[in-house]
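Given chain G, work out where chain D should sit, using these hints.
From first to last, the protein sequence lines are chains G and D.
Per the numbering used here, residue 1 is the first one in the first sequence, and the count goes up by one each step.
Per the numbering used here, residue 1001 is the first one in the second sequence, and the count goes up by one each step.
No lab work stands behind these hints, which were simulated from the structure alone.
As the structure is a prediction and not an experimental result, all values here were calculated from the model.
We put the beta carbon where it would ideally sit given N, CA and C, even for glycine.
Hints are not guaranteed to be accurate.
[What the hints assert, rightly or not] Quick list of in silico lysine to any residue cross-link-like pairs, SDA-like style, CA-CA up to 25 Å:
no.	chain 1	residue 1	chain 2	residue 2
1	G	Lys13	D	Ala1056
2	D	Lys1168	G	Met157
3	G	Lys55	G	Gln174
4	D	Lys1055	G	Gly14
5	D	Lys1180	G	Glu63
6	G	Lys180	D	Arg1012
7	D	Lys1137	D	Ser1105
8	D	Lys1100	D	Tyr1122
9	G	Lys165	D	Lys1168
10	D	Lys1011	G	Gln179
11	G	Lys152	D	Lys1165
12	G	Lys168	D	Arg1012
[Said to hold, decoys possible] According to the in silico footprint, chain G covers these stretches of chain D (three or more CB under 8 Å from chain G):
no.	region
13	1010-1016
14	1022-1028
15	1039-1048
16	1060-1071
17	1159-1168
18	1174-1183
2 protein chains.
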Amino acid sequence: MRKPTGADPRKRKGLIIVHTGEGKGKSTAAFGLALRAAGNRMNVFIMQFMKGPWKAGERKALESLAPYVEIVPMGDGFTWDTENIEQDKATARKAFDLVKEKLNSGKFEMVIFEEINYVLDYKFLPEDEVLETIRNKPKMTHVVCTGRNASKKLIEMADLVTEMKMIKHPFAEQRIPAQKGIEF
Amino acid sequence: MRKPTGADPRKRKGLIIVHTGEGKGKSTAAFGLALRAAGNRMNVFIMQFMKGPWKAGERKALESLAPYVEIVPMGDGFTWDTENIEQDKATARKAFDLVKEKLNSGKFEMVIFEEINYVLDYKFLPEDEVLETIRNKPKMTHVVCTGRNASKKLIEMADLVTEMKMIKHPFAEQRIPAQKGIEF
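Pulled out of the complex, with its shape left as it was, chain G reads as follows:
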């Protein structure tokens, strides 16, 4: 007899995971998942939808987890420039096409769409297309989507959603600048 509240091993599947909210730790926890997965010899692909020179430290760290972790930042030298939305859309499209290909290759047990929520929020990609791609992922692959303002549809579709809620932030309250190892 199976307890009605227990876990059912037949239900094992790749999860759709969302880290959202205004607080810290959304990408950081996703990178922690990549680290844990690499420790279990699982292959992880990370698409960084927001790229910046301040990301150098974390990218180097993730690269040290090769061959298990592969990380690709969106087009070099790119910064979001909402004054040229067509260019933003083209860059987002290129990044999305690559992560979609990696997801569907079946080579990765975990695929991280870092800051995809940002991209969707700004309508740089059609939401329905992105969600459809994630919904049709290989069954056992875990997908992690991060960023503020996760859409209702994404939350509805996800298996595991965590809101990082800011209780206290040193920049806001004490005017402490961003620090190496913490924010970049």
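Here is chain D on its own, set in the frame of chain G:
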């Protein structure tokens, strides 16, 4: 003239960071911070106040970040056993003495007290002593404390507090078992 809302570089200091709440990602985000710090060639010490065989994957991953990351699990074979509180207290004391020594050595730019909130919540260590140790840390060292039910005093003392809030959890809603790479 300095803008009143801007960051002040003179205020740079090691932060006291707390990850708490019922949701996922508290330890995972702490490990993400360790990863990022290692990428910046900073030295990190991690004391795992809760140890279990399921932690093997993440420990192996963190060990791969040597020499930058050093991780010590509490006494081998130990499991929390509230039926023998004196033994629990002795184990917690040993772990705390070691992490305190590492913290005060000044050799680490980041020290993670993983699940310390659990230990304090169960009163395995005197809270005032632990908080006093953290308050007197080397100025530039970041301290990260994780676990549910962070105490009011710790939150008050901290610079950066994030609550991981569970919005949706697959175990509760779909009876999906814990999965490799996600929970262990």
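For each hint, the structure was consulted:
no.	hint	result
1	G/Lys13 - D/Ala1056	holds, 21 Å
2	D/Lys1168 - G/Met157	holds, 10 Å
3	G/Lys55 - G/Gln174	holds, 24 Å
4	D/Lys1055 - G/Gly14	holds, 20 Å
5	D/Lys1180 - G/Glu63	holds, 21 Å
6	G/Lys180 - D/Arg1012	holds, 10 Å
7	D/Lys1137 - D/Ser1105	holds, 10 Å
8	D/Lys1100 - D/Tyr1122	holds, 19 Å
9	G/Lys165 - D/Lys1168	holds, 15 Å
10	D/Lys1011 - G/Gln179	holds, 11 Å
11	G/Lys152 - D/Lys1165	holds, 16 Å
12	G/Lys168 - D/Arg1012	holds, 17 Å
13	1010-1016	holds (count 4)
14	1022-1028	holds (count 5)
15	1039-1048	holds (count 3)
16	1060-1071	holds (count 5)
17	1159-1168	holds (count 10)
18	1174-1183	holds (count 9)
Comparing the model with each numbered hint stated earlier shows that all of them hold.
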